[in-house]
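From first to last, the protein sequence lines are chains B and R. Quick note, the first sequence lines up with residues 1 to 154 if you use my numbering. Quick note, the second sequence lines up with residues 1001 to 1104 if you use my numbering.
Watch out, some of these pointers could steer you wrong.
[To be verified] Simulated DEER-style distance windows between Cβ atoms:
| id | chain 1 | residue 1 | chain 2 | residue 2 | range |
| --- | --- | --- | --- | --- | --- |
| 1 | B | Ile88 | R | Met1001 | 19 to 25 Å |
| 2 | R | Lys1052 | B | Leu80 | 41 to 47 Å |
| 3 | R | Arg1102 | B | Asp96 | 20 to 26 Å |
| 4 | B | Ser31 | R | Ala1086 | 24 to 30 Å |
| 5 | R | Lys1048 | B | Ser58 | 17 to 23 Å |
| 6 | R | Arg1102 | B | Thr46 | 41 to 47 Å |
| 7 | B | Arg37 | R | Leu1071 | 44 to 50 Å |
[Said to hold, decoys possible] Restricting the straight-line Cα-Cα distance to at most 30 Å, the calculated cross-link-like pairs of lysine-lysine (DSS-like) are:
| id | chain 1 | residue 1 | chain 2 | residue 2 |
| --- | --- | --- | --- | --- |
| 8 | B | Lys153 | R | Lys1052 |
| 9 | B | Lys26 | R | Lys1012 |
| 10 | B | Lys114 | B | Lys89 |
| 11 | B | Lys48 | B | Lys112 |
| 12 | R | Lys1048 | B | Lys49 |
| 13 | B | Lys151 | B | Lys48 |
| 14 | R | Lys1012 | B | Lys89 |
| 15 | R | Lys1048 | B | Lys153 |
| 16 | B | Lys89 | B | Lys49 |
Rather than coming from a laboratory, the hints here were simulated on the basis of the structure. Everything numeric in this text was worked out from a predicted model, so none of it was measured. Where a beta carbon is used, it is the ideal one built from N, C-alpha and C, also for glycine.
As a plain string of letters, each chain reads:
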Amino acid sequence: MDILIYLIYFILFLFLGYFIGTAVEKRHYHSIGVRERQYINLATVTSKKIEEADQIFSTQLVMGSVVISLDYFKRFGASLRNIVGGRIKSYETILDRGRREAVLRMKEEALKIKADIILNMRFETSAIGLITKKKNSIGCFEVLAYGTAVKLKD
Amino acid sequence: MVTTNIDFIPGKRIVEHFGVVQGSTVRARHAGADFAAGLKNIVGGELKGYTKLLEDARRESLERMVRQAQLLGANTVINVRFATSAITQGAAELMAYGTAVRVE
């Protein structure tokens, strides 16, 4: 009887994860696309120097971060993938979403102080530990993007 | 106090150098955010409670780094880096470090 209840929960979570998770992901990608086009004029580079170095007015550290987790279906799929090896697509999309979202948040912070360019942008990714006590739980990721927002003299 | 993660301050000359300064904080999750995160774990997506928690913690570690730099008499921290590590289950250490300098 216990096994049956467990199985029902498992299938329910799998369905919930698949349908809601896919819908959430689709909406998130849509919003990422819209905002990326909106902020396209704020250049973000990973180099430390720019040619207009003598025109720099002020600099400030800006950052954006996001904690993102997998849905139940993807986590199950990933654990199956672990047996046979190979590309884990569900992880790729979750990290891609996290990184792009973090960059967008950093850009939003930079736009608040009316910056013209972001120099030396860096990423920092970490798995911030198991979030449930269950053994098979994979946890969630934190992605941080940071850089130096530069304001040019008019 | 200016903080940047490039290794110079444009248009200014570094006159004094104080070495590495750092600030860190260890934060544990709390039960309320944890419960919400447990639910979110089924459907996936962003864990807003955790994002907020880590953001606050990171600002705190930055502030501590800046305070240390101020004690040394610096007015700028250049080359700031961040590091995050999960030290035990449910707690994370956030650290910020950089080079304290004085510019003219």
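| task | Please name the hints from earlier in the document that this structure breaks, with their numbers sorted from lowest to highest. | result | 1, 2, 3, 5, 6, 8, 9, 10, 12, 14, 15, 16
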